[in-house]
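Student: In terms of my numbering, the sequence shown has 90 at position 90, counting the first letter as 1, and numbering is strictly consecutive.
Don't read these hints as lab results, they were simulated from the structure.
Since we're looking at a predicted model, the values are computed, not measured.
Note that the Cβ used here is the ideal one computed from N, Cα and C, for glycine as well.
Do not rely on the hints blindly, as some may be mistaken.
To be verified - Per label pair, the in silico range of CB-to-CB distance: (1) A33 x D59: 19 to 27 Å; (2) R27 x M1: 16 to 24 Å; (3) A100 x P58: 24 to 32 Å; (4) G84 x R106: 30 to 38 Å; (5) E71 x A17: 13 to 21 Å; (6) I98 x G15: 15 to 23 Å; (7) S12 x R57: 16 to 24 Å; (8) A99 x D50: 13 to 21 Å; (9) R27 x S105: 17 to 25 Å; (10) R27 x T104: 30 to 38 Å; (11) A99 x Q51: 30 to 38 Å; (12) A28 x T104: 28 to 36 Å.
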Amino acid sequence: MVASITAQQLSSILGQASAPVVLDVRRAAAFDASQHMVPASLRRDPDCVDQWIGALRPDRQIVVYCVHGHEVSQGVAAALAAAGRDVRFLAGGIEDWIAAGLPTSRKHGGAGR
């Protein structure tokens with residue numbers, strides 16, 4: 001079982017030198033329907049983990065998020081953990097992040113779409 005991290009916990013460590021790599025793994029339809037991302041996050045296709053996992057630094061913690069923090073992000077987190085990565089999923093997903101009033105960034109183009 002992969003551990004979670006709350007929106008408040010993640011927000012408190014973003015911007016630090018030891019901050020995790022944050023990956024937006026929402027499915028394409030959910031990603032396209034939203035204008036927001038967690039700041040400094042990178043978009044990655046949840047169905048192509050095996051194609052992009054090699055580009056991630058093995059010494060960095062990873063946090064993945066989807067819309068609600070359920071099957072999509074937890075599935076990606078499980079795949080990353082099985083590959084030996086230090087990974088957490090964002091409890092409540094980006095919806096909890098937004099509901100908590102935490103800052104977002106506008107979507108940008110990115111690899112993995």
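Student: Now look at each hint and say whether the structure bears it out.
Tutor: Cross-check of the supplied hints:
no.: 1; hint: A33 x D59: 19 to 27 Å; in the structure: violated, 34 Å
no.: 2; hint: R27 x M1: 16 to 24 Å; in the structure: holds, 22 Å
no.: 3; hint: A100 x P58: 24 to 32 Å; in the structure: holds, 30 Å
no.: 4; hint: G84 x R106: 30 to 38 Å; in the structure: holds, 34 Å
no.: 5; hint: E71 x A17: 13 to 21 Å; in the structure: violated, 32 Å
no.: 6; hint: I98 x G15: 15 to 23 Å; in the structure: holds, 19 Å
no.: 7; hint: S12 x R57: 16 to 24 Å; in the structure: holds, 22 Å
no.: 8; hint: A99 x D50: 13 to 21 Å; in the structure: violated, 33 Å
no.: 9; hint: R27 x S105: 17 to 25 Å; in the structure: holds, 20 Å
no.: 10; hint: R27 x T104: 30 to 38 Å; in the structure: violated, 18 Å
no.: 11; hint: A99 x Q51: 30 to 38 Å; in the structure: holds, 32 Å
no.: 12; hint: A28 x T104: 28 to 36 Å; in the structure: violated, 19 Å
The structure fails hints 1, 5, 8, 10, 12 (numbered hints given earlier, in ascending order).
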